[in-house]
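For chain A, the structure is supplied; the task is to place chain B on it using the hints.
As you go down the protein sequences, you meet chains A and B in turn. In this text, residue positions in the first sequence follow my numbering: the first is 23, and each later residue adds one. In this text, residue positions in the second sequence follow my numbering: the first is 772, and each later residue adds one.
Derived by calculation from the structure, the hints in this document are not laboratory data. Bear in mind the structure is a predicted one, so any value in this text is a computation, not a measurement. Where a beta carbon is used, it is the ideal one built from N, C-alpha and C, also for glycine. One thing to keep in mind: the hints can contain errors.
Which chain B residues stay away from chain A? Per the calculated CB distances, all over 10 Å, these [what the hints assert, rightly or not]:
#, residue
1, F826
2, R861
3, D874
4, R927
5, M1061
6, E1105
7, G1129
Between beta-carbon pairs, the in silico distance windows are [unchecked claim]:
#, chain 1, residue 1, chain 2, residue 2, range
8, A, S226, B, T1062, 49 to 57 Å
9, B, S1108, A, A79, 37 to 45 Å
10, B, S1108, A, Q211, 43 to 51 Å
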Amino acid sequence: MKLLLLSGGMSEESTTTRLVRELSRALMKLADERSIELEVSAIQIGDLLDDVSAALAKNLKSEKLKAAERDLASADGLIAGTPVYKAGVAGPFSSFMHVLDPDVLVGTPVLLAATGGSARHALVVDTEMRSLFAFMRALAAPTAVYATGNDWGDPDFSKRLKRAAFELLTLMGSGYREAVRGEGWNAYQHAFGSAAQQEIDFDSEFMRMARGEV
Amino acid sequence: MQIGMFSVSDITRDPVSGQTPSEHERIKAVVAIAKKAEEVGMDVFAIGEHHNPPFFSSTPTTLLANIAAVTSKIMLSTATTLITTNDPVRIAEEYAMLQHLADGRVDLMLGRGNTAPVYPWFGQDIRKSLPLGLEHYNLLYKLWRNDVVDWEGKYRTPLQGFTSTPRPLDDVPPFVWHGSIRTPEIAEQAAYYGDGFFANNIFWPKEHFIQLVSFYRQRYEHYGHGTARQAIVGVGAQAYIGKTSQQAKAEYRPYFDNSPIYGGGPSMEETEDSTPLTVGSAQEVIDKTMTFRENFGDYQRLLFLTDHGGLPLGTVLDQLELLGSEVIPVLRKEMASGRGEDVPEAPTHESLVKAKYGDEPPRAPRPRANRGDNVTGTSPYEDSEEVTPIQYPRF
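Looking at chain A on its own, in the form it has when it is part of the complex (with noise of 0.2 Å):
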């Protein structure tokens, strides 16, 4: 299975993306176990700040951008980090969901994750995430994850991470995911030419408009 981690941190070394690699490793043990074989990539939206400017702006989607795009859409799970700068999701992290095929996440579990300076902002990750991924249709598991600098050395939170890791490993083996792009993808409202473009329904209304049927 593949495994994508989006990392809303500016590089490598900032502690979003530190969280993130954290709940993919958590999540790498429980599928090891297992035997189950993950296949592991890794976007870092820092990397993509011009490329999601213009793609706001002027709806020009560069050639790095659409790779980010087809590894989201090919990806069976998702663990998605932002930091909270000022009370919400950071700006780039935003910016780059906006600005994707709505497509590319339906019916994909995620993991959602988040860092702040305190933990009066631990609802980010619960009402502004989940509702933005809920957007995509995308399946967010039940725990999120969010962290302050004081959570690093709690046990607790590790066990928080692991029980993330093991929800969204279980969400990713249930076949919810395929089951939805199958079966259920035509009951979704798709954009022509999006990114997981669906057969053309020819018996809709507006079709049928279209050749002065109706």
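Below, chain B alone, put in the same frame as chain A:
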């Protein structure tokens, strides 16, 4: 192969001189531009339709009728005519009228329009834009092909025994192109009726259009109008030509950077990489334009946007001169070589008349004496059948 130009009718401040032309100046300038386009050997002049400043072209047929009077060969078209907010009855009347005055040198491109506030100005609802456009065209198609039309739809009051006048010239409606940048239903409608499909690819990356054009081609074949490669496709282009690449870039950069479309986004060079815009030597424009065929297959119409973003009249005329002398002749030659032999030209009035009548004289409808209405009595034209069946409204 038809090669021409289109204008969206923007009145934009010239960022170099700081001057904004008056509406009157710009309208007169566009007439001069159209005349020049004919003079340099272009085949088509097309004008947009907008109903808000800073655009002037609210009534394309008035402008095109004036241009028809001062030109003799160039085909007059639109880019686009709004099929949503215009009453299809008015479109049928106005463009048939224009067709008569221009002796058939008319076709049109239909678009839905994406300026949300315009819809309510004309009593329409943008949320219904797609079904509205589709239904309006179904009606327009009938109005141009039937002397008497009974019609009932969702978005317009029903018609009983209505005759759109004048009838199209020679009873051959203007050819219609459907413009769309993302809607498969529009491509489907174009394919169903055997009309043309225009992908105005100039502000967007090409990948976006390749799929839509190929969908239209497949459906054109599906409906039996010809093979996929015989479908009638038009594409947009945009160029600024200089003696050298550097000169062109230096001259055009202030217009690019201050453009209401491009300004504030990716740089001119990045935009050139991902859209049809070319700022460079004539050869560079030729090279870039020749890539369109690789993306869309052999196509029938190419329209350059030449007067956008505050370029002064003199510069636009010079650009047309360069296009006509250094670019278009080469494009014609290169497009002809390797072009599929079974790929047709875009229809013209002459070719449509020929297809309909062969060597017979075309129909020239002559109305019967005034009956006061269209509902009672016989056909409104002398040459139609004695009794046209009339469907009365249901109650």
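Each hint, compared with the structure:
At roughly 21 Å from the closest C-beta of chain A, the C-beta of B/F826 stays outside 10 Å, upholding its exclusion from the interface. The claim that B/R861 lies off the interface holds: its Cβ sits roughly 20 Å from the closest Cβ of chain A, which is beyond the 10 Å cut-off. Even its closest Cβ contact with chain A, about 30 Å, leaves B/D874 beyond 10 Å, as expected for a residue assigned away from the interface. The Cβ of B/R927 lies farther than 10 Å from every Cβ of chain A, with a closest approach of about 14 Å, so its non-interface assignment holds.
Every beta carbon of chain A lies more than 10 Å from that of B/M1061, the smallest distance being close to 22 Å; the non-interface claim holds. Non-interface call for B/E1105 relative to chain A: holds, since the shortest CB-CB distance, roughly 28 Å, exceeds 10 Å. With a cut of 10 Å on Cβ distances, B/G1129 stays outside the contact zone with chain A, its closest approach being about 28 Å. In this structure, A/S226 and B/T1062 break the distance hint of 49 to 57 Å, their C-beta atoms being roughly 34 Å apart.
Restraint check, B/S1108 to A/A79: a C-beta distance of roughly 39 Å satisfies the suggested window 37 to 45 Å. The hinted window of 43 to 51 Å between B/S1108 and A/Q211 holds, with their beta carbons roughly 45 Å apart.
The structure fails to meet hint 8 from the earlier list, while all remaining hints are met.
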